[in-house]
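A.B. asks: Just need the whole structure built from these sequences, with the hints factored in.
Per the working numbering, the very first residue in the sequence shown carries number 13; after that it's consecutive.
Note that these hints are calculated values from the structure, not bench results.
Derived CB-CB ranges, DEER-like:
id, residue 1, residue 2, range
1, ALA25, ALA51, 34 to 44 angstroms
2, ALA51, ALA27, 35 to 45 angstroms
3, GLU15, SER40, 13 to 23 angstroms
4, ASN46, LEU23, 17 to 27 angstroms
For each residue, glycine too, the CB sits at the ideal point set by N, CA and C.
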Amino acid sequence: MEEVFARRLALEALAPPQRERLNQLFSSTLYALNEEHEA
Numbered sequence: 013m014e015e016v017f018a019r020r021l022a023l024e025a026l027a028p029p030q031r032e033r034l035n036q037l038f039s040s041t042l043y044a045l046n047e048e049h050e051a
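C.D. replies: Put into structure tokens, the structure is as follows:
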């Protein structure tokens with residue numbers, strides 16, 4: 013989980029539109045992982 017955090021920090025260096033898109037991607041990925049975990 014720590015590496016995910018590090019990657020997230022790396023996103024901070026990106027241009028805002030790109031960062032926004034990646035944040036959405038990140039959120040949906042986490043959501044999907046949680047769904048899978050619950051199943």
